[in-house]
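A.B. asks: Chains as they are written, first to last, in the working numbering: chain F, 221 to 547; chain W, 221 to 547; chain E, 52 to 433; chain S, 52 to 433.
Please note that the accuracy of each hint is not assured.
Claimed, not checked - List of simulated lysine-lysine pairs, DSBU-like, C-alpha gap at most 35 Å:
#1 K324/E <-> K371/E
#2 K501/F <-> K267/W
#3 K324/S <-> K208/E
#4 K324/E <-> K267/W
#5 K371/S <-> K257/E
#6 K337/S <-> K381/S
To be verified - So the derived label-pair ranges between C-beta atoms look like this:
#7 D295/E <-> T56/S: 17 to 25 Å
#8 R109/S <-> M504/W: 31 to 39 Å
#9 Q409/E <-> A439/W: 45 to 53 Å
#10 E262/S <-> N71/E: 53 to 61 Å
#11 E365/S <-> M527/F: 33 to 41 Å
#12 E412/W <-> M504/F: 34 to 42 Å
#13 D295/E <-> E262/S: 21 to 29 Å
Said to hold, decoys possible - Residues of chain F placed beyond 12 Å of chain S at every Cβ, according to the derived structure:
#14 R372
#15 R443
#16 K474
Think of the hints as simulated: they come from the structure by calculation, not from any bench. C-beta: ideal position from N, C-alpha, C; glycine also.
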Amino acid sequence: MAKLNMVQAINLALMQEMERDPAVVVLGEDVGVNEGVFRVTAGLHRKYGAERVIDTPLAESAILGTSIGMALGGLRPVAEMQFSGFSYLAIGQLEGNASRMRARTRGLFSCPLVMRMPYGGGVRALEHHSESREATYAHFPGVKVVIPSTPRKARALLVAAIRDPDPVVFMEPKRVYRAFREEVPDEEEVMEIGRADVVREGTALTVVAWGAMLHPTLAAVDRVQAERGVRLEVIDLLTIAPMDVNAVAASVQKTGRCVVVQEAPRSFSVSAEVIAVINDKALMQLEAPVRRVTHYDVPTPYFGREMLYIPDEDRIGRAIEETLDFA
Amino acid sequence: MAKLNMVQAINLALMQEMERDPAVVVLGEDVGVNEGVFRVTAGLHRKYGAERVIDTPLAESAILGTSIGMALGGLRPVAEMQFSGFSYLAIGQLEGNASRMRARTRGLFSCPLVMRMPYGGGVRALEHHSESREATYAHFPGVKVVIPSTPRKARALLVAAIRDPDPVVFMEPKRVYRAFREEVPDEEEVMEIGRADVVREGTALTVVAWGAMLHPTLAAVDRVQAERGVRLEVIDLLTIAPMDVNAVAASVQKTGRCVVVQEAPRSFSVSAEVIAVINDKALMQLEAPVRRVTHYDVPTPYFGREMLYIPDEDRIGRAIEETLDFA
Amino acid sequence: MPLTTIESFSVSYLQVLDENGVLDRALEPELSDADLLRLHRFMEMARDSDQRMLKLQRQGRIGTFPLCTGQEAPSCGAALAMRESDWLVASYRERGARLMRGEPPTQDYLYYNGFEEGAAMAEPLSMRRTTPTQVILAAQTLHAVGIAYAMRLQGEKDTAVVTFLGDGATSQGDFHEALNFAAVWQVPVVFICQNNQWAISHPREKQTRSETIAQKAIAYGMPGLQLDGNDVLACYRATREALDRARSGGGPTLLEAVTYRLLMHTTADDPRKYRSEADEQAWWRKDPLVRFRKYLKEVKGLLTDADIERIQHEISEENKQHVQAFEARKDFKPDASFDFVFGTRHAVIEEQRALFLQDLARRAGAGEDGARTAAREEAAHG
Amino acid sequence: MPLTTIESFSVSYLQVLDENGVLDRALEPELSDADLLRLHRFMEMARDSDQRMLKLQRQGRIGTFPLCTGQEAPSCGAALAMRESDWLVASYRERGARLMRGEPPTQDYLYYNGFEEGAAMAEPLSMRRTTPTQVILAAQTLHAVGIAYAMRLQGEKDTAVVTFLGDGATSQGDFHEALNFAAVWQVPVVFICQNNQWAISHPREKQTRSETIAQKAIAYGMPGLQLDGNDVLACYRATREALDRARSGGGPTLLEAVTYRLLMHTTADDPRKYRSEADEQAWWRKDPLVRFRKYLKEVKGLLTDADIERIQHEISEENKQHVQAFEARKDFKPDASFDFVFGTRHAVIEEQRALFLQDLARRAGAGEDGARTAAREEAAHG
Ligand SMILES: Cc1ncc(C[n+]2csc(CCOP(=O)(O)OP(=O)(O)O)c2C)c(N)n1
Ligand SMILES: Cc1ncc(C[n+]2csc(CCOP(=O)(O)OP(=O)(O)O)c2C)c(N)n1
Ligand SMILES: [Mg+2]
Ligand SMILES: [Mg+2]
């Protein structure tokens, strides 16, 4: 058991999975000698060599396309997109092939591969380095989308993703990378893909959040609970797709009120699907409109303005209070 | 005024816009000499020549990427993706550049371009030729997404899209291409982008649909109206993004019941956003959960099975009846 | 060092059997009679299937499909050069190669009638190592590179990968990325471009300004060769040499097989819109089958005209039975699409399946069993 | 026709002023003294800005940025060869060219401090025709092709486009597609690859197996040339010749400027992880500025060491003022991001803007005016 930040925790997952299964390979731009631009792949190249920790030429479609081939050929590729903003170049391969190989071949071929990528804002980065576009990937049938929120979950979910029989888009909130440390067990730990985590139990209201947004959410929840003496339930979604709809539904059936917090732009987003799920399964218990606290439908502002646009504790807290007050 | 099918109506829009504005150019695979695989560009090459009706080499990223350059250089490119299933190769250019040029340059540069593409199933086509993925494009800030449902609207909206100052993804329901004819005025007609159309007025329930789904929707609505003697309101969304949220809200505030019909897979889709909009603006008037009639979260089946998966009059009608009956 | 020439390159062309059936003995590959007859049989079989499918399509008994008539040589030649354990990562015009690797024609009939059931076979090994038809142009070339990497890493030193694409597909970014990765990794991949002169209506000269596709190999520091793609002996020989090099660690090769799509692009296409009958006629005179038959008759003395007719008749009869088998097949589970979304079970998918089945049941106005049967029939008749 | 050579190609290398400052008079471009001094001034300016930004970044006064030290020659040489009406479609390492086209250094300071306000200028014409920094590697090369097409179609026969990319970016599909489209269309584009040996940590030899980047032009039937990218006279001369050819209808050219990124990739990078100081030192000895200063002093007799020091001092003072101007700037409208989503107004966006402003107002615990001010300050201090 050691206290690790998310970068170290992800690194631990990669180290141990490479050790456990010789079919696991890591590939991407600067993941080898340079150990990744965030050092997520630290030590891998030295330990497992250039054949299994592959510094690729600079081409995202090729990284994913060759990963598909590797998966067909029996490997378990973990492909890195250096930033999620470059992953769009690989969407053709993801939508057109990875997501369909199992359906196309009636299960004869499949694409067990992980497309890892740092996503999200708040780190004063250049253009294309700050988006949250999980909804884009979540809508493709055949693709799983996972977003961990803490080091321990990141480790356990990445292990699951690597062992998963399907393509998993694994989005890492880079703002959390070094934000804090958490105890992470040395021994193997696996979390099931497809399960949300109820991180606070409560009765007055449900907050659904994921990734980097979990942390300002928890701060807001703690403040409101302290000030109002109510218990709020917080669901960490973890798997975006296929969503744990029953966890969301059960919670809102109980609390009757819900706030969804996301870093992504508002429209056509994951928060809309959460609302749709509530509509399907808990509408009759709903006592107030579901509030969404989101980014806005604008091209991501450069970092000079970005913190004005990303939900923070303040905005989240206010949305919770207003939803509690709704009568 | 002539009775045109959708292919002819789109062709009319292209013809007239090319005539009106020498900056309009059409480019894509097989759009010139061959007049498009659906003959949408019939006669253009003969009339306006190979410099303005450009048969490109086979590369979607290049078609969109050079369109961006053309737009920066003062042209009004209308780029065709031969089928929407190949448009993913151009998403890098769309998300990374077209959608952001205005924001990046504080309005100094912009990308007035149209990315036209046939989409949707029901025509016994090969793999990748039957998807409906409007949600993928709708979520990108800075991109407009338009889906016409009839020949006349297709013509008037394409004219608007060509004159629009921003990138417009124009998705054409290929199943409607030759399905029926409609009177289309010879003289110019423009419909505003961003406005939904109330195609049936009613009070008992709102149905929201778009594209090819409008037609089984209307058939179902007509049947239910006739059988039950109620008036149903039907909204043809037309612009997916930015959505005409007020039209949807006003209707559901009035009717209190809503069914959304889409050809796309269910989760993380446009129907979810419609529900979210209703949640935001009409929840208190809502008397029943919003029902979604959709495709399923499965890789599009080949055509041997596809008609079992695409919503039809029967499924839509049943959802309307159940929503009317909900108490 | 002022303006200096620092590098020189050249591109070669291979032809063994010319358009008139004249053989270059120095280049003739050593092939057993059995192999030659196999090659002949499958080229005839590919041609016959194409013609049969065209009829089926015209009668509405299958859907749209791409034709391979005239392009039998590159894929049959390559398939003969391959081992069972090699991978074939083809596009959609390689019926010949897939037939040679053990795929019965019924698979294509099913596939082009809209059933995934036609897309993959677990046996024999050669089919387990044949990826299904891939429609996104050039995407498969990257898969080939990844597969080759996987084979090498797992110690299958003798396994190589053959991948096919068209002349139009060479314009795609994925083609470039695949050749570049393959060369940097020095993986055992043979890229075969079937330059059939057309990408639907777009002629080769407007697809790229390079005089040959073969010279594109220079951009990747890779060997490239142009060859007569209607000469199956050249196709075999070039693939074989590239495979030998690949197996011995010499890395990838780009082959440009110059051929011609004698019929329409797919059954939805009308070549009269963009090319002349004269152009087509000129290429019919280079028909790869005519030339190879002549070689077998006149050079090898392996077959007579009567033999060939008999073989064609056999194939035709065989194919008729395949069509019957295909049309007799009705075991299409309607909700199968839910079975192959993921390799794991998820509530969202199972909920939707339940809705789907409920809907079918209601539709059939009967219990779920009735619905399944009804749906199966609806599916079967598309 | 058996195995025959059907084509031959070669690749050349251009150097005018060698590493020791020795000139090849036969290749020396004819440039006025004023042009030479301008070239020198802007190379010094680019270098000084780089150094200044590095300090600002280390002090937290701007954000991460990519350095251009050592790569001043290709972009300054190209900018000198260009006309005001030509388009520059650069990537992110062409500070020199942008300065020469009229961009004040403040723009980059703003841009790299997270404000779009630093990204585009309406004047002079050369800036209206300079696209902003483009981060998606190689994407801009396609824009260049489209712009060139637009210029030609609109009758601007004399306008050409220069686009830049790195050695790493040549692996992207977009690079391939851009060169192919440019060649097929024969548009007036000059592609300049700044081969600085590295793509972050990835060395040139592992980026592609071709011996040169220049030879990639062969794949497109396009002229290609390798040149000494630390020799600004070669850079000027090669760009100029390519532009002349482009303007006279001769189509596109690929230039490979062999240079070196003397410092880190961006301020977030640590080259010690992947390359040796010795490697860097070897390239410092080829510093393009040192070489060009020597030429101006010893060959042209245009400047003395004292002159150069004076110029550097002037530039340094000028740049200090630019920094002050940059840091004084506070007029950042917080809700500006809502202004530039679309060129038309839409309810969804305006509703969201209202929410955004309400939120700011609440935050400031004051009316909307107060919030705007508060937000502006927050924005200004990032
Ligand atoms: C990425 C992509 N874009 C467009 C298409 C549509 N399309 C199918 S085949 C074809 C022409 C392909 O030409 P070529 O590569 O020469 O192969 P051929 O059909 O001649 O064998 C086109 C444009 C596609 N399948 N994939
Ligand atoms: C499509 C894309 N993938 C990855 C990146 C991240 N990235 C930024 S610069 C860089 C290296 C670029 O190398 P090169 O093209 O040689 O240009 P240089 O930085 O050396 O000038 C990488 C990988 C990016 N910006 N765009
Ligand atoms: Mg072709
Ligand atoms: Mg570089």
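A.B. asks: Work down the list of hints and note, for each, if the structure agrees.
C.D. replies: Here is what the structure says about each hint:
At roughly 33 Å between alpha-carbon atoms, K324/E and K371/E fall within 35 Å of each other, so this suggested pair holds. Using a Cα cut-off of 35 Å, the hinted pair K501/F and K267/W is violated, with the two alpha carbons roughly 57 Å apart. Of the pairs offered as hints, the one joining K324/S and K208/E holds, with about 33 Å between alpha carbons and a cut-off of 35 Å not exceeded. The hinted pair formed by K324/E and K267/W meets the criterion: a straight-line CA distance of about 16 Å does not exceed 35 Å.
A C-alpha spacing of about 53 Å is found between K371/S and K257/E, which places the hinted pair above 35 Å, so the restraint is violated. This hinted pair does not check out: K337/S and K381/S have alpha carbons roughly 41 Å apart, beyond 35 Å. Range check, D295/E to T56/S: about 22 Å between beta-carbon atoms, so the 17 to 25 Å window is met. Hint check: R109/S to M504/W, Cβ distance near 56 Å, so the stated range 31 to 39 Å is violated.
Here the CB-CB span from Q409/E to A439/W is close to 22 Å, at odds with the stated 45 to 53 Å. In this structure the supplied range 53 to 61 Å is violated for E262/S paired with N71/E, their Cβ-Cβ distance being about 41 Å. Separated by about 38 Å at the C-beta atoms, E365/S and M527/F satisfy the suggested range of 33 to 41 Å. Here the CB-CB span from E412/W to M504/F is close to 38 Å, well matched to the stated 34 to 42 Å.
At about 24 Å, the CB distance of D295/E to E262/S agrees with the hint of 21 to 29 Å. The beta carbon of R372/F sits about 27 Å from the closest Cβ of chain S, which is more than 12 Å, so the claim that it is off the interface holds. Interface exclusion of R443/F from chain S stands, the closest Cβ pair being 15 Å apart, more than 12 Å. No beta-carbon of chain S comes within 12 Å of the beta-carbon of K474/F; the shortest separation is about 29 Å.
Violation of the numbered hints given earlier is confined to hints 2, 5, 6, 8, 9, 10; the remaining hints are satisfied by the structure.
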